[in-house]
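**Student:** Sequences are here, hints too, so could you generate the full structure?
In this note's numbering, the protein residues as written are 1 to 166.
Careful, some of the hints might be misleading.
To be verified - Below are the BS3-like pairs computed for lysine-lysine, each with C-alpha atoms no more than 27 angstroms apart in a straight line:
| # | residue 1 | residue 2 |
| --- | --- | --- |
| 1 | Lys133 | Lys161 |
| 2 | Lys133 | Lys111 |
| 3 | Lys111 | Lys161 |
By construction, these hints were calculated from the structure, which means they are not laboratory data.
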Amino acid sequence: MNQLPAVPLAWLLAAAVLGVIAPGPIVRAGNLQEDEARIEALLRAERNAQRTAERNARAASAAAPAAGQESLDPATPVIAEVTAAVPEPSENDAWLVPTIEQDGLPFADLKHYIGHRVDILTTGDRQHRGTVKSADARQVTLLVRRPGGNATYTLRREQVKRVDPR
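**Tutor:** Here's what the structure looks like:
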């Protein structure tokens, strides 16, 4: 009897993965000249497509009117006629505009509150509650109690949005 050698299944799977055994026909590359001819044909097609696109763009720009000239087509609307008019403000628009907070102390009065407790709201909507340590026309220094101890904050005038005494 003619017996075939036992080939482990793992070897068959490895051969199938590596392409040694394929269920369908294998496409092999041709010779070097055929490859070069295909590459050249692809490059020519790409260059022709670019030239065609450039020609189309030039033709489209030549057909469009230059700046300051009127359109050749009278049916083309003017931008001013297309845009909607700005509506008049109404009483319901008040909630759209952010209001500037005017209540509270002026920044210049902080020098009179040294040793007093104040609430300071910064432009980033961060609230600091503490004791004014020092204040001048440019900045204010606060002593703030924290769980781990005291912290000292120095806030510039442009950072301060609102100051309230406590």
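**Student:** Compare the structure with each hint and give your call.
**Tutor:** Each hint tested on the structure:
no.: 1; hint: Lys133 / Lys161; result: holds, 19 angstroms
no.: 2; hint: Lys133 / Lys111; result: holds, 9 angstroms
no.: 3; hint: Lys111 / Lys161; result: holds, 17 angstroms
Every hint, counting from the list given before, is met by this structure.
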